[in-house]
Amino acid sequence: MPDSRFFTKSGEFLLSEIASITGATIDLSNDRKFSGVAPLENAGSDEISFLDNIKYLSALEVSKAGACFVREKYAARAPKTMQLLITEEPYYAYAITAQKFYPQENFAAGISPQAQIARSASIGKNVRIDSGAVISENVKIGDGCWIGANTVIDKSVEIGEHTRIGSLCSLSHSIVGNNVIIHRGVHIGQDGFGFAAGKKGITKVPQLGLVIIGNNVEIGSGTCIDRGAGHNTTIGDNSKIDNLVQIGHNVQIGRYTMIAAQTGIAGSTHIGDGVMIGGQAGFSGHTTVGNGAKLAAQSGTMTDIPAGATYGGSPAIPILDWHRQTAMIGKLIKKRN
Amino acid sequence: MPDSRFFTKSGEFLLSEIASITGATIDLSNDRKFSGVAPLENAGSDEISFLDNIKYLSALEVSKAGACFVREKYAARAPKTMQLLITEEPYYAYAITAQKFYPQENFAAGISPQAQIARSASIGKNVRIDSGAVISENVKIGDGCWIGANTVIDKSVEIGEHTRIGSLCSLSHSIVGNNVIIHRGVHIGQDGFGFAAGKKGITKVPQLGLVIIGNNVEIGSGTCIDRGAGHNTTIGDNSKIDNLVQIGHNVQIGRYTMIAAQTGIAGSTHIGDGVMIGGQAGFSGHTTVGNGAKLAAQSGTMTDIPAGATYGGSPAIPILDWHRQTAMIGKLIKKRN
Amino acid sequence: MPDSRFFTKSGEFLLSEIASITGATIDLSNDRKFSGVAPLENAGSDEISFLDNIKYLSALEVSKAGACFVREKYAARAPKTMQLLITEEPYYAYAITAQKFYPQENFAAGISPQAQIARSASIGKNVRIDSGAVISENVKIGDGCWIGANTVIDKSVEIGEHTRIGSLCSLSHSIVGNNVIIHRGVHIGQDGFGFAAGKKGITKVPQLGLVIIGNNVEIGSGTCIDRGAGHNTTIGDNSKIDNLVQIGHNVQIGRYTMIAAQTGIAGSTHIGDGVMIGGQAGFSGHTTVGNGAKLAAQSGTMTDIPAGATYGGSPAIPILDWHRQTAMIGKLIKKRN
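Residue numbers (our numbering), protein chains in the order written: chain A, 1 to 337; chain B, 1 to 337; chain C, 1 to 337.
Hints are computed from structural coordinates only; laboratory data are not their basis. You may find that some hints are simply not true.
No distinction is drawn between identical chains; accordingly, a pair holds when it is met within one copy or between any pair of copies.
To be verified - Listed below are the simulated DSS-like cross-link pairs for lysine-lysine, each with C-alpha atoms no more than 27 Å apart in a straight line:
#	residue 1	residue 2
1	K100	K33
2	K125	K33
3	K155	K125
4	K334	K204
5	K100	K9
6	K204	K155
7	K55	K80
8	K55	K294
9	K64	K140
10	K294	K125
11	K204	K9
12	K204	K294
13	K125	K199
14	K73	K55
15	K199	K100
16	K199	K55
17	K294	K33
18	K140	K125
19	K199	K294
20	K125	K73
21	K204	K100
22	K331	K73
23	K64	K33
24	K80	K155
Being a predicted model, the structure only gives us computed values, none of them experimental.
Chain A extracted, bound-state conformation (with noise of 0.2 Å):
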């Protein structure tokens, strides 16, 4: 059970409740009040689990949670015991219920007298600002937002409603939208890494753009996003980023975008909508990668993706490819052995 000292139940819920937000199908016989939800080792009689990886199928055939989000085609496998939520989307009705439980925290708006707030700023209603937090000149900053301790948001920033921006962060030549999610230690708007070589040497380039991020986008902790050079560097809305990201100027990520962790895009390369990105993937610059496509953690991209495609390797080729080709140099090596 989620320890209660870092997270506030909502209340309990009977199970026929729990099944009419998720949609799952339950044995009406015989229901009952739930007070939580729980991973299958760890789930007790009043508690709620989920089976989606089957890697984790002899967890749940030992498992003594009191009722499971289960695919039909494993609920034979579940304990007798154990009263059965039957759907084909385990792990999505699982995160309905979890949310139900425990709602996102709420938070008593107010202004710590240990932030700096810029007189020419504009705070909307509701809004919560923490110890050490600078807010700079001509801020904007919409209803029922909560800015972080020390984060520190530079002149003429302006932020959506309902924005959430975790302790350490800052934020300069950006617009933010609302229902945004920023964890801690994320930087936005800094310059790109914009260098001319020529006779005379090396000189920086003015980094001209803006950053501009949809509306319910999360930011995974320590990413980095560069404003653009001239064009912005933009993310569309409910892309989610995970941690220690980096995004060089003039990037542009489509709508629903999921980037695993560590990952790097380099300056100008276009991202389309529905996109997935493994972890520690890498883009080099002015490519484009179209709508749905998917790449393999580790993946190197150095030309234009098709909507669609799976690619994976270094250089990145289409998937099954670099299957063989993984394939084909393993038999290789035990033939010469």
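Go by the hints and put chains B and C onto chain A.
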């Protein structure tokens, strides 16, 4: 046009003035004032653009830019109404022009009452120190420096003149030169990763060197530079380091070396002058990279690299061999299908 | 010699004292005092150095160090005037000696008036809390801890005794052990990257676990450790983590495991005791790495790794196979040229 809320323009300039500072050749029969710079796609009739990467040749052909830096051989591709600034270094000339319209941001000197400055610290003239910054005992900061909000500078650190350190940085055990730009969230001078293993277990090796940073160096957000274990960690004059780079203890980097984002350089590696390093490259420790070498993105260098050589792949090999390898494996896969 | 502005020496010691604490063998006929430690290239006649990596054998031959830790078999290579400390663990012995001359920095206890401490927080004896630090409700900090400037510790976090947390860190949802060193800019306890995709779109999975960090752990600058989704994320006693490492939700890391910089460990990966991980290595989720395994730099682990095995490459394979593969491809390229 750059957003005037974020960027301050110095004025308007005649085409002939721009030609004069960049050495570009123009048709003097139609000299007139220009109001700024913009990318080919966005520029209007009173703005100056540039064509460098020929991927954007089609953008040139339909651009509404009033003037454009372009190489002689592409001049014929420009719209007839566009005024041409002919140069063999269009990107460099654009950079000089953008610097003219948008010079480095000025700042008002002054020490925030919310900054903490040790009495023994020595602060030069015309220095700006922002809210929440912490300047410890015996720190020396030269004239014209700007220390960002919530940045922490530990005891005895010395910073030269006209150096700018962004918000949320930490520096200890460091000597920093003049005209250095350190972006936000950079950590310099912490312990290197030094542990000795013996029969009695693992013990920490005291890290007793410094970090020495030359003049005109630029360091990107989130980058970490560990101090030396015995020798110092050094970054030579005019080298430029991108975001989220890791530089281990005792690393020596020469002058005019460019290091792209997320590169990692393990301890005691020596990198020469004028080296170009792609993103996510890695260097194992105790190796030497010669002057003028080039390392491809995601390369993994495990041996010394000769001066002037270009390497790619992991483990890194001469770039032509790497391209051959990639091509050969591609053919083998096709043959077997 | 370490710069006395930055490093405080505890005193001078007789060669016999150094031999005694390290177990090294010396020629007792010429016992005398030494003033410190230094690398072979820099050490003077009253300083002690070491030879561990035989790459530096030629530096030994011309070193002016007064004394040197060296393995028996290389003793003959040392200059005749150098006093030898013979040991089979020269690096370990050097570390113990450097600790003797330069013990871990002491600090004066005290809470900065510019720190914000919640009334419900419990702060032990002899604790130092620096300017701008924010300590929230119900936080517990044990005796002898040092919390750096502008670090933010969220509600209910517990920190053991004699733990040092650098400046500009954030901690939430965490229990931290004794004698832990957390360097600057580390972020611990933020949401893992958890999203569930369903027919209705993407939804956020509440992250309901903690981060549990054992005793004597060291964590490098810029590293991010996400809290668990259901299970906790755990780091075992005596494990050491370098800079800019990403540790995903539910990851379990054993004891005495060493993780080099920029490594990324995806969610729910289990890593055993005594594992050695090179820089920029990656681990896909839901896999297990056995005790004592070794993973090369830039390796990409996608499957379980047996205890004691050494793997390299991406996808990672047994290291000998990887070396064979590299050699074989090299030969094929040459043959075809």
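Against the structure, the hints come out as follows:
Proximity of K100 to K33 under the C-alpha cut-off of 27 Å is restricted to the intra-copy arrangement: shortest distance 13 Å within a copy versus 62 Å between copies. For the homomeric pair K125 and K33, neither the shortest alpha-carbon distance inside one copy (37 Å) nor that between copies (46 Å) is at most 27 Å. Taking the shortest alpha-carbon separations for K155 and K125, both the intra-copy value of 20 Å and the inter-copy value of 25 Å come in at or below 27 Å. Taking the shortest alpha-carbon separations for K334 and K204, neither the intra-copy value of 52 Å nor the inter-copy value of 42 Å comes in at or below 27 Å.
Taking the shortest Cα distances, K100 and K9 sit within 27 Å of each other inside one copy (9 Å), while across copies they are farther apart (51 Å). Only within a single protomer do K204 and K155 lie at most 27 Å apart by alpha-carbon distance; the minimum there is 22 Å, versus 31 Å between protomers. Proximity of K55 to K80 under the C-alpha cut-off of 27 Å is restricted to the intra-copy arrangement: shortest distance 20 Å within a copy versus 64 Å between copies. Within a single copy, K55 and K294 get their C-alpha atoms as close as 23 Å, and across copies as close as 24 Å, so both meet the 27 Å cut-off.
For the homomeric pair K64 and K140, neither the shortest alpha-carbon distance inside one copy (50 Å) nor that between copies (33 Å) is at most 27 Å. Proximity of K294 to K125 under the C-alpha cut-off of 27 Å is found in neither arrangement, the shortest distances being 41 Å within a copy and 53 Å between copies. With identical chains, the CA atoms of K204 and K9 are at most 27 Å apart between copies only, with a shortest distance of 17 Å across copies and 52 Å within one. Within a single copy, K204 and K294 get their C-alpha atoms only as close as 35 Å, which misses the 27 Å cut-off; across copies the closest is 20 Å, which meets it.
In the homo-oligomer, the alpha carbons of K125 and K199 never lie at most 27 Å apart, since the shortest distance is 55 Å inside one protomer and 35 Å across protomers. For the identical chains of this complex, K73 and K55 are intra-copy neighbours only, at 15 Å inside a copy versus 52 Å across copies, given an alpha-carbon limit of 27 Å. Proximity of K199 to K100 under the C-alpha cut-off of 27 Å is restricted to the inter-copy arrangement: shortest distance 19 Å between copies versus 63 Å within a copy. Within a single copy, K199 and K55 get their C-alpha atoms only as close as 59 Å, which misses the 27 Å cut-off; across copies the closest is 23 Å, which meets it.
Within a single copy, K294 and K33 get their C-alpha atoms no closer than 41 Å, and across copies no closer than 48 Å, so neither meets the 27 Å cut-off. Taking identical chains as interchangeable, the C-alpha atoms of K140 and K125 lie at most 27 Å apart only when both belong to the same chain, with a minimum of 12 Å there against 33 Å between chains. With identical chains, the CA atoms of K199 and K294 are at most 27 Å apart between copies only, with a shortest distance of 19 Å across copies and 41 Å within one. In this assembly of identical chains, the alpha carbons of K125 and K73 never lie at most 27 Å apart, being 50 Å within a copy and 58 Å across copies at closest.
Taking the closest pair of Cα atoms, K204 and K100 come within 27 Å of each other only across two copies (12 Å); inside a single copy the shortest separation is 51 Å, beyond that limit. In this assembly of identical chains, the alpha carbons of K331 and K73 never lie at most 27 Å apart, being 37 Å within a copy and 42 Å across copies at closest. Taking the shortest alpha-carbon separations for K64 and K33, only the intra-copy value of 16 Å comes in at or below 27 Å, while the best inter-copy value is 67 Å. In this assembly of identical chains, the alpha carbons of K80 and K155 never lie at most 27 Å apart, being 61 Å within a copy and 41 Å across copies at closest.
When held up to the earlier numbered hints, the structure conflicts with 2, 4, 9, 10, 13, 17, 20, 22 and 24 and fits the remainder.
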